[in-house]
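S.K.: Residues per chain, in single letters:
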Amino acid sequence: EDALLPAPQNISILSTNMKHFLTWSPVIVQGETVRYAVEFQGEYEREYANESWIPICECSLITATVCNITEDISATVAYNLRVRADVGTRRSEWGTLKGFFNRITTSLTPPLMKVIADGYHLLVELEDMGPAFQFCVVYWKKGQESRMQQKVVKEVSSVVHLDTMEAGSDYCVKAQTYVEAINRSSSFSQTQCVRAQGGRSMWL
Amino acid sequence: SGELYCSLPNPRNVHFESINMKNVLHWSAPEGTGDGVLYKVKYSVYGVGKWIRKPECRNINRTWCDLSSETSDYEEQYYASVKAFLNGMCSDWMETTRFNPLTDTKIDPPMVSVSSTEKSLSIILTAPEKWKRSPEGESVSLLQVYPGLQYNVSVLNKKTKKRWFFAVSNNTLVVPWLEPGTAYCVSAEIYVTTPLLHSGFSKEYCIATLKDKTA
Amino acid sequence: TAGNKIFHLGPCRVSMSTAEIRSGFTAIKANIQARDPIRTLSILSHPHSLHKVKSSDRCCITHHLFNFYVDKVFKHCKTEDSYVNRKISSIANSFLSVRRKLGQCHEQNKCMCGQESAEKFKQILANYEGLNVTSAAMKSLGELDILLDWME
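Chain order of the listed sequences is A, B and C. According to the working numbering, the first sequence is numbered sequentially starting from 122. According to the working numbering, the second sequence is numbered sequentially starting from 591. According to the working numbering, the third sequence is numbered sequentially starting from 907.
Hints are computed from structural coordinates only; laboratory data are not their basis.
Cross-link-like lysine-lysine pairs, in silico, DSS-like; alpha carbons within 30 Å at most:
1. B:Lys751 / A:Lys272
2. B:Lys640 / C:Lys958
3. A:Lys140 / C:Lys911
4. B:Lys748 / A:Lys275
All of these numbers come straight from a predicted model, not from anything done at the bench.
Chain A on its own, in the form it takes in the complex (with noise of 0.2 Å):
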């Protein structure tokens, strides 16, 4: 077998809220389609598997330099991955991944969210981030910061209520989101702050 085929380079992930990309830069043969390869190894793996790897089959003679592996990195272990070049029966070296990945370093962005006052109620309406998600919701009256409230919302279903507010008063609302798999949190959202029926109804 002619293994005159470079070895991928580059290889990076890009893990944003639990889900996870490996990159990789694309290995370049003049005239020619060249198709690539990803396996991975967890813990398991290699302390207890013989070092063994694993095919990840969607990501098997593909053109594409980026593949998906959310699905097979479904442990908080510390993974390892590689990528292979081929063109038709020529094949490259395995190209690792620098160090290993842990999906607990994935990087959590504040959750999308829309505070809605409706009468006389403090309603919030949270993007649906997939089943790993929770939500920690914070509120407070306007000038009684320090009487915070928080309501842990795990079933992302459209307008969730909070509570119910006093006449014409102010209410802020921030949120962040939580991962019980890796037990880390986003930063919070920006605040937003509605009014309550029986004053004037504007965002501020």
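Fit chains B and C to the known structure of chain A by using the hints.
M.R.: Same frame as chain A, but now just chains B and C:
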């Protein structure tokens, strides 16, 4: 009786259908057999060495058999099997996959009772009961079977068409500060996180807040 | 949704999530159990049910069982189906991180092994060794829901 000549086509799609742990074995008639097919049923507890016949489902012509009583211990798992007979011929025994009542049952939505005052709704949620042998039998709420059971309640303002959702851990919810003389429709679903089970939403229960006496 | 729970393992309280193990197993349950033709024998639940284990022994049995799966079971469960293999890898790696959490119980000296748990675990190993290794491993993997139902 001696074993008959077993070349009859097999019953198909032998499976449990379970709701609130009422566990009923269902199957489809063998292909190409008209009327007159009879069946017998047996079941076994996984890990225990013997098949047990179900007398009430011997030589039956229907294609279901209620095995709730035999599979009521949800700390066990089960198999069931069906054999068909017609004109002196029989089929092979056809088995279910392994049935785990705890994870393979479907849960009915909760019962929802709503009362109202001028400005509030009071909602009481009741989780369905686990199937029981007889009406006099001891009632076991699914809340006891699934301690992590929670409710998701939807409240729709019929006038504004706005729908709110409430996550409720216990079984009551009071929604204060509503508009007098307004129709609201309430429905609720049950969800359990481990094992992952969703009941789907109940039908809607509509009620109006009382009219404002001072208006 | 993923649900971290506080597991009460006798005197020990440990917060962990089995939801991902549960969803990984649910995805391959029918496939794995179909590979186990032996109805008359269970590794985990007969002759003695896990549900009969005393509360004080829960931690020890859980810890033994997680080691059992990591050390003995998963490595003999390779299949010809790449999707199934990937899910088994996901479960096995999740076992490692849950086992690490169970280790907290040991550190807190709240994972005592009583006579009963020793007997129970010995029975489990005897059930396991009573079959050839691939059948035993596949049967054990097919019984993961028995372990999870009992733990949860």
